[in-house]
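Asker: Top to bottom, those sequences are chains A and B. Here the first sequence stands for residues 1 to 371, numbered as in our numbering. Here the second sequence stands for residues 1 to 270, numbered as in our numbering.
Think of the hints as simulated: they come from the structure by calculation, not from any bench. We put the beta carbon where it would ideally sit given N, CA and C, even for glycine.
Some chain B residues judged to face chain A by a derived CB distance under 8 Å, without partners named:
hint	residue
1	V147
2	A219
3	C244
4	G245
5	A247
Cβ pair distances, simulated, as ranges:
hint	chain 1	residue 1	chain 2	residue 2	range
6	A	G254	B	S71	50 to 60 Å
7	A	N150	B	A17	52 to 62 Å
8	A	R170	B	V62	16 to 26 Å
Here's the letter readout for the chains.
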Amino acid sequence: MAGAVLFDAAPCGYVVLGRGGLIVRANAEFLRLVGAAAGDVVGVRTLGSLLSAGGRILLETHLQPMLELAGAVREISLELVRQDGQRVPVLLNASVHDRATQALLVIVLETRDRHRFEDDLLAAKRAAEQAVEHAASLAATLQGTLIPPNPPTIPHLDIAGVYRPSGSGREVGGDFYDVFQVGPDAWVVALGDVSGKGVPAAVVTSFVRYHVRALAMVHRDPARLLSALDAAMQANATERFCTLVVVRLERVGGQWDLSLALAGHPPVLVRRADGSTYELGVPGTPVGLMSEVEFHTVGLPLGDETVVLYTDGVTEARSLEGMYGGDRLAALVAGLPAQPSLVSEAIARAALAWQADDASDDIAIVTFAAS
Amino acid sequence: MGVGLASGLNAVVTGPAGAPVLVFLHGFGCGQAMWRHVVPDFEGEYRVLLLDLPGSGDADPVTYDAERHASLQGYVDDVLWVLDEFGLEDVTIVGHSVSSMIAVLAHVASPRTVSRLVLVVPSARYVDDGDYRGGFTPSEIEELLGVMERNHLGWQGPLSDLVAGEGHDASRAELEDNFCRTRPEIAAQFAAVTFLGDNRSDLPRVTAPTLVLQVRDDAIAPLTAGQFVHKHITGSQLQVLETCGHAPQLSDPDDVVAAISGFLSVPVPS
Chain A
1 MAGAVLFDAA
11 PCGYVVLGRG
21 GLIVRANAEF
31 LRLVGAAAGD
41 VVGVRTLGSL
51 LSAGGRILLE
61 THLQPMLELA
71 GAVREISLEL
81 VRQDGQRVPV
91 LLNASVHDRA
101 TQALLVIVLE
111 TRDRHRFEDD
121 LLAAKRAAEQ
131 AVEHAASLAA
141 TLQGTLIPPN
151 PPTIPHLDIA
161 GVYRPSGSGR
171 EVGGDFYDVF
181 QVGPDAWVVA
191 LGDVSGKGVP
201 AAVVTSFVRY
211 HVRALAMVHR
221 DPARLLSALD
231 AAMQANATER
241 FCTLVVVRLE
251 RVGGQWDLSL
261 ALAGHPPVLV
271 RRADGSTYEL
281 GVPGTPVGLM
291 SEVEFHTVGL
301 PLGDETVVLY
311 TDGVTEARSL
321 EGMYGGDRLA
331 ALVAGLPAQP
341 SLVSEAIARA
351 ALAWQADDAS
361 DDIAIVTFAA
371 S
Chain B
1 MGVGLASGLN
11 AVVTGPAGAP
21 VLVFLHGFGC
31 GQAMWRHVVP
41 DFEGEYRVLL
51 LDLPGSGDAD
61 PVTYDAERHA
71 SLQGYVDDVL
81 WVLDEFGLED
91 VTIVGHSVSS
101 MIAVLAHVAS
111 PRTVSRLVLV
121 VPSARYVDDG
131 DYRGGFTPSE
141 IEELLGVMER
151 NHLGWQGPLS
161 DLVAGEGHDA
171 SRAELEDNFC
181 RTRPEIAAQF
191 AAVTFLGDNR
201 SDLPRVTAPT
211 LVLQVRDDAI
221 APLTAGQFVH
231 KHITGSQLQV
241 LETCGHAPQL
251 SDPDDVVAAI
261 SGFLSVPVPS
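Could you put together the complete structure from these sequences and hints?
Answerer: Listed below in structure tokens is the structure:
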């Protein structure tokens, strides 16, 4: 068969464009797609004028420059607009036939069914993206209820908390802290780590936070508070457990008296004014886990020390060199100024830097000192 | 925005030191290579600055900020920042398509830095409004965003694979692959900023000598859009290229070079 016959009989829309996109040849299938006679198309219409406005802009702003540079474009999804306004979705391939005359060869293939399928896919993709965004915003909202944005202002006490979620931060973490008043001159600071993460962990975190607040009104002694919390968790039959530290601060005779108890949580780090540090607290058992529990309260009259509460996201931060560890933490704190806000921030930064800014676990830190 | 924006935008200055400065800004779609047929004619006599706008061409993704680039002002600030980084003043901006309005705004913000304008196929507003003919309806622009989204699939593979063959060197392949590729969310936002913008009220604030270079038959910026820009910039010249298409610097580079050269050859009244 001669070339002209092959062109006209090609089972796809086939056009040759001259300068400026004018259609200089069109085959039978192309004319069928646009629903027009040859006389109304050839030598009369540009390809752009047969496309939807969106397609026309894409053609002018992207396809023409790409053709001019690379000589070909492929698999472009566009819509032809018929004279009756009806639209025909097509895939388009085009190549430069003659650079001197800027002539183009263009084929179009009708894709009605695939177009519908693609619409469904795009809608599903959008819905999935929205769901992810929605989940992230829910996580952020939920997290906001578990971590106070700023600790309350407490007279004669300088206190600063920092929280860094692990990974992308899209999931609610298991770490939390809370600072609240329990009497005219008494405050409680609690910081803990619920096993697991996500919504199930957040439910437990919420439970723990609520009960710590309620029980702190009844039990002045942190160890007793933890015993009562353990009983509440055991009664609630959750599979999750929690490690935490509870500190009670009472202003007596112009000085803060501190008492604290640990529930399977890393000890508190105390930095003396001269920079030397020591750990304070008797380990104890996590709450909600064991049948036999053990909690001990220890006390400290707070002078010019700085006290650091943290979760294991700090000390168990991992790099190729191993865990960040308590020794590095102590050395870091020893070299820092005593201001709580600087200390909290510096520890978070160091723990993140240790794991190349890709935290595998949440990090929560609360630091305070008398002021 | 910070030190080194110029390198993030692949900004390069060529041409003799001390010569008058020409800044070429590409429009919506593809990067600085849009000017490759035009720039060689000016590099002998002018200092030429080329760059990729944030989000376009091969610009470093970190230079794009969804909040800052939600209006043309973000791009204007970036262009002025880069000019400042290179210590360039008293420049002529040649802006294509939407960058003609970036050029207008840069001049309005800093008339001493940007003292002459060449607006290539400008439109101060693409959407019709009362008697004003921009050429598009809001729903057609909506539709463009849909077309962009549907075709992101197509931008992901290397274009250079289509044409790779003997004599197809790596730098050319890289240029082809990055030339018109934009991240989907950025392309959608830039399209919206471009085609839903309205800069008609900025035109009377232009005091610089201005050339409006319009194409007789342009499917994106109709002749009426160019006439509107010309009418509202006092003292501007309108030159109509007797050709078609929205990228005359690619389709008819010689005509574009001649028009710009003619305009630049007239000394600026001081």
